[in-house]
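Undergrad: Sequence positions in the sequence shown follow this note's numbering and run 1 to 649.
Calculated directly from the structure, the hints in this document are not laboratory data. Don't take each hint at face value.
Claimed, not checked - DSS-like cross-link-like pairs, simulated, lysine-lysine; straight-line CA separation at most 30 Å: (1) Lys626 x Lys452; (2) Lys627 x Lys450; (3) Lys596 x Lys489; (4) Lys484 x Lys596; (5) Lys517 x Lys596; (6) Lys575 x Lys641; (7) Lys539 x Lys641; (8) Lys637 x Lys399; (9) Lys633 x Lys464; (10) Lys446 x Lys627; (11) Lys633 x Lys596; (12) Lys398 x Lys452; (13) Lys637 x Lys596; (14) Lys641 x Lys484; (15) Lys495 x Lys539; (16) Lys399 x Lys633; (17) Lys450 x Lys626; (18) Lys520 x Lys570; (19) Lys517 x Lys570; (20) Lys130 x Lys220; (21) Lys627 x Lys398; (22) Lys570 x Lys596; (23) Lys484 x Lys539; (24) Lys633 x Lys398; (25) Lys464 x Lys627; (26) Lys570 x Lys489; (27) Lys489 x Lys520; (28) Lys489 x Lys626; (29) Lys517 x Lys633; (30) Lys575 x Lys517; (31) Lys484 x Lys495; (32) Lys450 x Lys398.
Unchecked claim - Okay, the calculated beta carbon distance ranges per label pair: (33) Ser142 x Gly598: 35 to 41 Å; (34) Ser99 x Gly146: 16 to 22 Å; (35) Gly491 x Pro103: 53 to 59 Å; (36) Gly492 x Asp642: 18 to 24 Å; (37) Leu317 x Val190: 42 to 48 Å; (38) Lys641 x Gly492: 16 to 22 Å; (39) Gly492 x Val105: 54 to 60 Å; (40) Leu257 x Gly171: 30 to 36 Å.
It should be emphasised that the depicted structure is a prediction, and the values quoted were computed from it without experimental measurement. Glycine is no exception: its CB is placed at the ideal position from the N, C-alpha and C atoms.
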Amino acid sequence: MATDTLKSTPGAGGATSGLRRLLLDNGALTALIVLVVALSALSGDFLTTDNLLNVGVQAAVTAVLAFGVTFVIVSAGIDLSVGSVAALSATVLAWSATSHGVPVVLAVVLSVATGIVAGLVNGFLIAYGKLPPFIATLAMLSVARGLSLVISGGSPIPFPDSVSHLGDTLGGWLPVPVLVMVVMGLAAAVVLGRTYIGRSMYAIGGNEEAARLSGLRVKKQKLAIYALSGLFAAVAGIVLASRLSSAQPQAADGYELDAIAAVVIGGASLAGGTGKASGTLIGALILAVLRNGLNLLNVSAFWQQVVIGVVIALAVLLDTVRRKAGATPVAAGTGGGKGKQAGTYALAAVVTVAVVGATSLLHGGSAASTAPRMGLSLSTLNNPFFVQIRAGAQAEAKKLGVDLTVTDAQNDASQQANQLQNFTSSGLGAIIVNPVDSDAASNSVKAADKAKIPVIAVDRGVNKATVNALVASDNVAGGELAAKTVAEKLGGSGKIVILQGQVGTSAARERAEGFAKGLKAYPGIQVLAQQPADFDRTKGLDVMSNLLQAHPDVQGVIAANDEMALGAIKALGSKAGRSVQVVGFDGTPDGLTAVKGGTLYASVAQQPSQLGRIAVDNALRAVRGKKVEPTVKVPVKVVTKDNVAGFSG
1 MATDTLKSTP GAGGATSGLR RLLLDNGALT ALIVLVVALS ALSGDFLTTD NLLNVGVQAA
61 VTAVLAFGVT FVIVSAGIDL SVGSVAALSA TVLAWSATSH GVPVVLAVVL SVATGIVAGL
121 VNGFLIAYGK LPPFIATLAM LSVARGLSLV ISGGSPIPFP DSVSHLGDTL GGWLPVPVLV
181 MVVMGLAAAV VLGRTYIGRS MYAIGGNEEA ARLSGLRVKK QKLAIYALSG LFAAVAGIVL
241 ASRLSSAQPQ AADGYELDAI AAVVIGGASL AGGTGKASGT LIGALILAVL RNGLNLLNVS
301 AFWQQVVIGV VIALAVLLDT VRRKAGATPV AAGTGGGKGK QAGTYALAAV VTVAVVGATS
361 LLHGGSAAST APRMGLSLST LNNPFFVQIR AGAQAEAKKL GVDLTVTDAQ NDASQQANQL
421 QNFTSSGLGA IIVNPVDSDA ASNSVKAADK AKIPVIAVDR GVNKATVNAL VASDNVAGGE
481 LAAKTVAEKL GGSGKIVILQ GQVGTSAARE RAEGFAKGLK AYPGIQVLAQ QPADFDRTKG
541 LDVMSNLLQA HPDVQGVIAA NDEMALGAIK ALGSKAGRSV QVVGFDGTPD GLTAVKGGTL
601 YASVAQQPSQ LGRIAVDNAL RAVRGKKVEP TVKVPVKVVT KDNVAGFSG
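Please take these sequences and the hints and turn them into a complete structure.
TA: Here it is, written out as structure tokens:
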């Protein structure tokens, strides 16, 4: 029979052996306690009510997704599509309720139905189509994400106010996402431990052939299992979109990996047959505590990925050690040991509170730092433009004696919301934000405003929220300049292609708007094609190579950033700078080098280091109560071979 929990063999005598067994059988819980104690000792900002509630909110979406994935993994399957299904479900809700006037209640039903249908398709392909779960759900990952982009047109859709309350708090302090997480966790626990379908999951995961021979309708059970996973994904998508006040077509990208990690850290086996909702919840909390604590400790987002990867590996290793230590299986759904398990959790809570209370004294008498503390949340550091913003901000912070914490949202609006929440609960003097999306950042900025923390937006504005200042170049005006530059170089007539930025981001939309406006003045310019290349050099190379096959007579290229322009130059080869003129955007070091070499005709330079410097300067003025201008424009400049030598960026 399949297993749910593990119980130690008798005869292991002695208190030391008993403690060792307790730690082995509750490895995830032990790890969570150690993390909480360690972070409480390392950061005085961790052990606050606001921050602990932040951890709960930040764990909510991953936990709800992971509860659904637990059903699949217990039955020896895998579901890679939950992140995309979450985004699709939220998009369907927002699209139907706001764009088509569907009553909100019906829109929610449609959203949940979308998740269930996606799960049923996965289950049908696996059970009746005989596709491996990895392949079937990988296909759904792509299909669901593509449909989300098609329905939304690549742009975020505002969420209905009546549903957005799911991202609020009850009584002004208890976050609704945490309540949703608890309710869905209890539902998952009941399904796994108290229902026929739950027992079927363990049976299928333990030995599918034996389950079939015993009379279990395995195919129909798999349909139900993946439908449940889709339902939980839909709920997670609604909660996520409520937090961001908008349905983001690129939301929850990569969350399927976090969900799987939470299930595995919580003690489930990818081979099937084991796993429980409480373990999954602990796994999700471990990931949230890790990210929260590492943010508070100002650890690079790149190193955060390394740490989380190590934790996942250690979790699987612990499971292996536990099995080799001689644990014996207990049949799923049996009552034995449940009282003992509840006692273990209660004891763990008491020990944690006691130890954390003691470690908090380490921070009680410490002198407060006299340096102003600020946080800078950048949309991504996987782009030279934003790396330059960081460099300018850090240089100015050092000059002014400011303690600056920098985080990387990795183009994930939800992750940025978490980072801004952490900044707010840490009581920083000011927050500087470069939004992943202007709409999605609004709730987090409102929370900072409510806490009386000045907020400075850099490069991109924040919609539906008040910031003390916006330090930015005009992306639309820059797009017009780029269009004018390539058109004049071609003498007012010619054939061009446009490489667009990442679908759904405000920078991509605004620059595309500028390109369109600028080209209206040049009717002789024919746009052969417009394709997204996601602000990425490799994708710029691939997309340009493909476009050249269809349009070998192209004479000009406008790229929404220098990285894509450099990829296009690579694809063009000897044509770049000779028969084909390429114009980029941002004025990055590599872009300017290409301008000097003549392969890149021009770059519309935004002077990113100046953006970072001016943002920190204005943030410090706001902290000191001095007046700041609501809009601080940093002029864009067209840099060509003629003036690149005198351009500093």
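Undergrad: Please go over all the hints and tell whether each is borne out by the structure.
TA: Hints, verified against the model:
1. Distance restraint check for Lys626 and Lys452: the Cα-Cα separation of roughly 15 Å lies within the 30 Å cut-off, and the hinted pair is therefore satisfied.
2. Distance hint between Lys627 and Lys450 is fulfilled; the C-alpha atoms sit about 19 Å from each other, no more than 30 Å.
3. Only pairs whose Cα atoms come within 30 Å are accepted, and Lys596 paired with Lys489 is accepted, the gap being roughly 17 Å.
4. Between Lys484 and Lys596, the direct Cα distance comes to roughly 20 Å. Compliance with the 30 Å bound is thereby established for this hinted pair.
5. Restraint check for Lys517 and Lys596: satisfied, since their Cα atoms lie roughly 28 Å apart, inside the 30 Å limit.
6. For the given pair, Lys575 sits about 17 Å from Lys641 by alpha-carbon distance, which is consistent with the 30 Å threshold.
7. With a CA separation close to 26 Å, the supplied pair Lys539 and Lys641 stays within the 30 Å bound.
8. For the proposed pair Lys637 and Lys399, the alpha carbon gap of about 26 Å is at most 30 Å, so the pair holds.
9. With a C-alpha separation of about 20 Å, the suggested pair Lys633 and Lys464 falls inside the 30 Å cut-off, and the hint holds.
10. Using a Cα cut-off of 30 Å, the hinted pair Lys446 and Lys627 holds, with the two alpha carbons roughly 20 Å apart.
11. Of the supplied pair hints, the one linking Lys633 and Lys596 holds, its CA atoms being roughly 27 Å apart against a limit of 30 Å.
12. Pair hint Lys398 plus Lys452 holds up; C-alpha atoms about 24 Å apart against a cutoff of 30 Å.
13. Only pairs whose Cα atoms come within 30 Å are accepted, and Lys637 paired with Lys596 is accepted, the gap being roughly 16 Å.
14. For a cut-off of 30 Å, the pair hint linking Lys641 to Lys484 stands: about 17 Å separates their Cα positions.
15. At roughly 21 Å between alpha-carbon atoms, Lys495 and Lys539 fall within 30 Å of each other, so this suggested pair holds.
16. Among the hinted pairs, Lys399 with Lys633 is consistent with the structure: their alpha-carbon atoms are about 22 Å apart, no more than 30 Å.
17. Proposed proximity of Lys450 and Lys626 is supported: the alpha carbons are some 19 Å apart, at most 30 Å.
18. For a cut-off of 30 Å, the pair hint linking Lys520 to Lys570 stands: about 29 Å separates their Cα positions.
19. Between Lys517 and Lys570, the direct Cα distance comes to roughly 28 Å. Compliance with the 30 Å bound is thereby established for this hinted pair.
20. Only pairs whose Cα atoms come within 30 Å are accepted, and Lys130 paired with Lys220 is accepted, the gap being roughly 13 Å.
21. Under the criterion of a C-alpha separation no larger than 30 Å, the hint pairing Lys627 with Lys398 is consistent with the structure, at around 22 Å.
22. This hinted pair checks out: Lys570 and Lys596 have alpha carbons roughly 16 Å apart, not beyond 30 Å.
23. Straight-line distance between C-alpha atoms of Lys484 and Lys539 comes to about 25 Å, which keeps the hinted pair within the 30 Å bound.
24. For the given pair, Lys633 sits about 23 Å from Lys398 by alpha-carbon distance, which is consistent with the 30 Å threshold.
25. Of the pairs offered as hints, the one joining Lys464 and Lys627 holds, with about 22 Å between alpha carbons and a cut-off of 30 Å not exceeded.
26. A distance of roughly 21 Å separates the Cα atoms of Lys570 and Lys489; the hinted pair therefore holds under the 30 Å criterion.
27. Only pairs whose Cα atoms come within 30 Å are accepted, and Lys489 paired with Lys520 is accepted, the gap being roughly 16 Å.
28. Only pairs whose Cα atoms come within 30 Å are accepted, and Lys489 paired with Lys626 is rejected, the gap being roughly 46 Å.
29. A hinted pair counts as satisfied when its Cα atoms are at most 30 Å apart, and Lys517 with Lys633 qualifies at roughly 20 Å.
30. The straight-line distance between the Cα atoms of Lys575 and Lys517 is roughly 27 Å, inside the 30 Å bound, and the hint therefore holds.
31. The suggested pairing of Lys484 with Lys495 holds, with an alpha-carbon distance near 14 Å, which does not exceed 30 Å.
32. With a C-alpha separation of about 28 Å, the suggested pairing of Lys450 with Lys398 holds against the 30 Å cut-off.
33. At about 40 Å, the beta-carbon gap between Ser142 and Gly598 stays in the expected band of 35 to 41 Å.
34. Checked against the given bound of 16 to 22 Å, the beta carbons of Ser99 and Gly146, roughly 19 Å apart, stay inside it.
35. Checking the proposed 53 to 59 Å range against Gly491 and Pro103 shows it holds: the Cβ atoms sit about 56 Å from each other.
36. Between Gly492 and Asp642, the C-beta spacing of about 20 Å keeps the proposed range 18 to 24 Å intact.
37. A hinted range of 42 to 48 Å for the beta carbons of Leu317 and Val190 is inconsistent with their spacing of about 31 Å.
38. The given range of 16 to 22 Å is respected by Lys641 and Gly492, whose C-beta atoms sit roughly 21 Å from each other.
39. Taking the beta carbon of each, Gly492 and Val105 are about 56 Å apart, inside 54 to 60 Å as hinted.
40. The hinted range of 30 to 36 Å is satisfied by Leu257 and Gly171, whose Cβ atoms lie roughly 35 Å apart.
In summary, the structure is inconsistent with hints 28, 37 from the numbered list given earlier, while agreeing with the others.
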